[in-house]
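If you read the protein sequences in the order shown, they are chains X and S. Counting from 2, one number per residue, gives the positions in the first sequence under the numbering used here. Counting from 2, one number per residue, gives the positions in the second sequence under the numbering used here.
Possibly wrong hints are sitting among the right ones.
Where chains are identical, the list cannot tell them apart; a pair therefore holds if satisfied intra-copy or between any two copies.
Said to hold, decoys possible - Derived pair list, reagent style DSS-like, types lysine-lysine, alpha-carbon separation capped at 27 Å:
(1) Lys289 to Lys267
(2) Lys170 to Lys289
(3) Lys190 to Lys295
(4) Lys196 to Lys149
Keep in mind that the hints were calculated from the coordinates and are not lab data.
Protein chains: 2
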Amino acid sequence: MSAWSVLAATVVETVHSLILPHGVSEEGPVVPGWRSLEIITKFGHWVGDKIIMMNIDGGLWTELVVTTVNCTYLMPDGMSFQEAAAISVNYAAAYMMIYDYANLRPNQSILIHMAAGGVGIAATQLCKLVHDVTIFGTASPSKHETIKENGVAYPIDYTTLDYAEEVRKISPKGVDIVLDPLGGADDSKGFGLLKSLGKLVLYGSANQVTAPKRSSLAAAKVWWHKFNIDALQLINSNKAVCGFHLGRTDPDHVAEVIRKLISLYKEGKIKPKVDSVWSFEQVGDAMKHMQEHKNIGKIILVPEVKTTDATTGN
Amino acid sequence: MSAWSVLAATVVETVHSLILPHGVSEEGPVVPGWRSLEIITKFGHWVGDKIIMMNIDGGLWTELVVTTVNCTYLMPDGMSFQEAAAISVNYAAAYMMIYDYANLRPNQSILIHMAAGGVGIAATQLCKLVHDVTIFGTASPSKHETIKENGVAYPIDYTTLDYAEEVRKISPKGVDIVLDPLGGADDSKGFGLLKSLGKLVLYGSANQVTAPKRSSLAAAKVWWHKFNIDALQLINSNKAVCGFHLGRTDPDHVAEVIRKLISLYKEGKIKPKVDSVWSFEQVGDAMKHMQEHKNIGKIILVPEVKTTDATTGN
Chain X
2 MSAWSVLAAT VVETVHSLIL PHGVSEEGPV VPGWRSLEII TKFGHWVGDK
52 IIMMNIDGGL WTELVVTTVN CTYLMPDGMS FQEAAAISVN YAAAYMMIYD
102 YANLRPNQSI LIHMAAGGVG IAATQLCKLV HDVTIFGTAS PSKHETIKEN
152 GVAYPIDYTT LDYAEEVRKI SPKGVDIVLD PLGGADDSKG FGLLKSLGKL
202 VLYGSANQVT APKRSSLAAA KVWWHKFNID ALQLINSNKA VCGFHLGRTD
252 PDHVAEVIRK LISLYKEGKI KPKVDSVWSF EQVGDAMKHM QEHKNIGKII
302 LVPEVKTTDA TTGN
Chain S
2 MSAWSVLAAT VVETVHSLIL PHGVSEEGPV VPGWRSLEII TKFGHWVGDK
52 IIMMNIDGGL WTELVVTTVN CTYLMPDGMS FQEAAAISVN YAAAYMMIYD
102 YANLRPNQSI LIHMAAGGVG IAATQLCKLV HDVTIFGTAS PSKHETIKEN
152 GVAYPIDYTT LDYAEEVRKI SPKGVDIVLD PLGGADDSKG FGLLKSLGKL
202 VLYGSANQVT APKRSSLAAA KVWWHKFNID ALQLINSNKA VCGFHLGRTD
252 PDHVAEVIRK LISLYKEGKI KPKVDSVWSF EQVGDAMKHM QEHKNIGKII
302 LVPEVKTTDA TTGN
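Starting from the given sequences, assemble the full structure and let the hints guide the process.
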């Protein structure tokens, strides 16, 4: 299919999780934004179609975008723009980490950090698609009810307890998989929690960010505790470490995964959770909301709408 | 099931591949040996049954062994002792590396080093069970015909060519999986050959061994080029590194895999390749035969039989 351009009638974006919030920064200056949703207003027979657009090179936090048709996906009936915004990056990342890397199978166990975040909610739902998987999830206590409803069997209050000890109380041998967006000392802790043939999936360095902004001390701590491993240590431990970066993933594979996710949505097997909706002008407040760990699910940005906070109803 | 002992009427062992030959040594003194095969001569209704015995703690290069029933598997009809000896460790290791770790799927590609060795032969056959997998395999030229018959699409003469360049001539983006028993500089080279979301599976350090015995210079070179990676490098490369050590694997999982392999054998989907048979007294010569890279397939040790070299018929 040839390249074509889209005049965006409605652009909906999300505050996504791989740029500043998780500490893996892009080189600036950039226009961030990995996905948007549009109603097509030009271009013949596509007029009126709602589409998801995904561009892993970024540049979509803007009101007008140009893209190629192979970065777009028709939104299924019944899917809202907000759900569509919540589904692409988070679910695609969670899907690849769980199925491409960790190869989750029946009767296995997984520890999901930030289980109330966008990726955490998605990962939990995707793990539930496999039979008899035991899910441990960390979150602050106010979010435990929500993550439990979402499928986490054992919510852990990481703010007051040692999550590794809590996991071992239930599963003395540890877990098969750890999804880790934290970085620093938590990487080693996660590696230590793995059973034999277990996989640690690293996808961020959130410990570098202490609200409301990046802290040099936190960054130095993460650097000091940087996870580092050599071939013999890996062989002798009989474990795996996987590094995940959606932006470095083959676009054809991303497209395949998004189509799979749209199918799962249509079958009612996954259901994105939207935390709150903010206007482009409020992007700073939206980021702060996330960095202060206040969100449960995805934070959405839209060009014109004023804030509606799903958690407060305001 | 309770523990019981076996009086070995026939013990068949293999020169296995994870102790000295691949440079990952056990602490001595030890009795090596991970598997044996027996005809039961005592113990009621089991008398006459042929069994595979597998003990990942070693100790089976001996004429008399004591084991527990859950380390034993009934040999299927038509399987010879030699095939049984060749099937357990090699195929179990290859199976776990390919299916538990690398998660091989249709249309993917893999580079198998030492494709004519015991694990290499097993890995090639197990890869062929998945639809449309492209297999690259390294071996010296005299072995190319055999590995091609076994399923390697692109045999590479690593003795005169740069295997990474050869792979890229066929597959410019590289491969999805590298099975690497080599260590040292080859680990980094394998990592560099991976596509995005690719997996490097490390399971030895054969480069430390230059025939006929371990060389300090070779060991120093391996140490100098030791593969070492940190969290951010892994995330930014969007790749995984898996360390495999059968001896550190959960025994229940090993048992599950061996049962699966016996089924595959019965279905005619895998067929062990025996290189040669040696007596216990000839263990030194058998090891030398392997370290000089002369074998194609598995080298078998038996307690009493004199050497019969499958390649020469002597």
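Results of checking the hints against the structure:
no., hint, result
1, Lys289 to Lys267, "neither (33 Å within a copy, 61 Å between copies)"
2, Lys170 to Lys289, "neither (35 Å within a copy, 49 Å between copies)"
3, Lys190 to Lys295, "within (25 Å within a copy, 44 Å between copies)"
4, Lys196 to Lys149, "within (24 Å within a copy, 37 Å between copies)"
Figure legend: structure checked against the earlier numbered hints; hints not met, in rising order: 1 and 2.
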